[in-house]
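Asker: Keeping their order, the protein sequence lines are chains A and B.
Sequential numbering from 0 applies to the first sequence in numbering that gives the first Met the number 0.
Sequential numbering from 0 applies to the second sequence in numbering that gives the first Met the number 0.
Derived by calculation from the structure, the hints in this document are not laboratory data.
Check the hints yourself; a few may be wrong.
Here are the simulated EDC-like pairs of lysine to aspartate or glutamate, each with C-alpha atoms no more than 16 Å apart in a straight line [as the list claims (entries may be wrong)]:
#1 B/LYS95 - B/ASP27
#2 A/LYS71 - B/ASP27
#3 A/LYS72 - B/ASP27
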Amino acid sequence: MSKHILLAILTFTAMQCFGQQQKNNDPLFNNWFTDQQKPIIPQNNTPPPPPGVPLDGGLIALIAAGSAMGYKKYKNKNIE
Amino acid sequence: MNKNQSNSNFKKQLRSFGAAFSDKGFRDFIIRFLSTLFLLTIIYEAYLWFTEQQRELDWITYKVSELSHALATALGVANCEFSCFMDGCRIGVEGKMINVLEGCNGLMLALVYASYIVGSGGWKWSSLAQVIIGIIVVQFFNVLRIGMLVVLRDLGGDIYFFFIKYVFNVLIYISILFLWILKPYVDRFFEKPNEA
Numbered sequence: 000m001s002k003h004i005l006l007a008i009l010t011f012t013a014m015q016c017f018g019q020q021q022k023n024n025d026p027l028f029n030n031w032f033t034d035q036q037k038p039i040i041p042q043n044n045t046p047p048p049p050p051g052v053p054l055d056g057g058l059i060a061l062i063a064a065g066s067a068m069g070y071k072k073y074k075n076k077n078i079e
Numbered sequence: 000m001n002k003n004q005s006n007s008n009f010k011k012q013l014r015s016f017g018a019a020f021s022d023k024g025f026r027d028f029i030i031r032f033l034s035t036l037f038l039l040t041i042i043y044e045a046y047l048w049f050t051e052q053q054r055e056l057d058w059i060t061y062k063v064s065e066l067s068h069a070l071a072t073a074l075g076v077a078n079c080e081f082s083c084f085m086d087g088c089r090i091g092v093e094g095k096m097i098n099v100l101e102g103c104n105g106l107m108l109a110l111v112y113a114s115y116i117v118g119s120g121g122w123k124w125s126s127l128a129q130v131i132i133g134i135i136v137v138q139f140f141n142v143l144r145i146g147m148l149v150v151l152r153d154l155g156g157d158i159y160f161f162f163i164k165y166v167f168n169v170l171i172y173i174s175i176l177f178l179w180i181l182k183p184y185v186d187r188f189f190e191k192p193n194e195a
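So that you can see chain B by itself, here it is in the shape it has in the complex:
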């Protein structure tokens, strides 16, 4: 494909995106998606600000760290320590710890997931149920990720950095995309009792 063809394809895509934006359904979806994300982010940031004022660590980061520590201990990491500070928690064996900060708790990903669900389906009970299930799934993968990272760090070697940077992150992002793909089927499942 030469440069002119790829340029014309890109223009065509852009034009069709513009046409889609003129479609009311898609426009409503984008507005709902982004406004929900904006609203949830503001609420979350306000909560973080509040906990900072209280000089405390936020509850989500604490719980994710606590569960990850429990998982790492269950997976056989001996002398696995767990200590929390205002900025985050440290988990692992002395000298080989990892730092679980606010950006590691996975809640922002869960908020993007929830915003898509609300944007796509509107404010409905089925959306709320999907949001709750989705947040649990995302947090499950996140706890699994941090627990495994503690184990890998304990085992030593450079493979830990590969996992921390790519493997687990990709796994969580794919799980969110997978949940989005599953959404129409879940919607159908929720709609069935209503039809009956």
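Chain A extracted, bound-state conformation:
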């Protein structure tokens, strides 16, 4: 029985080793033991776009500030 188990393990290992030696260019099917090939990514030579200089980030705050200023103005008028 143990002979059969040992034989099965050896056969399985041999198959694994055989499988590892098969060269496969597809990076998805690369094995763990050989040097993994890096997937080929087409290199884009265009540099990243320059940073923008946005200004309209505080529009809501400005509208709120305008409303508050108007509120203050009419509040003062009512007190007078």
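Guided by the hints, dock chain B onto chain A, whose structure is given.
Answerer: Positioned in the frame of chain A, the structure of chain B alone reads:
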């Protein structure tokens, strides 16, 4: 101040705001302010849509970029380049450029400023004069901001990001608040010839 006190203060403020809204003057101001802003935004967005259909860059972004480029060149940025595309303009030295997009032209801020002036003073000649002066002031600060950013980017260092994110933005917003604060004095200046 404990939590209950701050809550009651907030409620008091909210109640007084509600009371102010029942005041006709304030209500008219808010309606005029927001409706003018809405109207001007629609006109501006329609203009942007039109230029997009023409596959062109809007005139304001182009002019702001052009003036900023001229300012940066005057401030001593050597080999300062300037190129415009459909989405915006690129200014600066090769490899250290900045991108001036539609959101960078400062016009939305100018529209909020103009809406406040109209909301506060109504449709009058003095309001129109203040709107024109205000837009020129806002655009002046914006051109100064972009020109200085080109210079800072050319000089290098991380300080550029601090300026781009905080300093110049705060400067423009403060200039608008300052113009709003000055409004009653400008109104008085316009009213004087009428009284005489």
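Asker: Against this structure, judge whether each hint is valid.
Answerer: Hints, one by one, checked against the model:
Only pairs whose Cα atoms come within 16 Å are accepted, and B/LYS95 paired with B/ASP27 is rejected, the gap being roughly 49 Å. Among the hinted pairs, A/LYS71 with B/ASP27 is consistent with the structure: their alpha-carbon atoms are about 14 Å apart, no more than 16 Å. Between the alpha carbons of A/LYS72 and B/ASP27 the distance comes to roughly 13 Å, so the proposed pair stays at or under 16 Å and holds.
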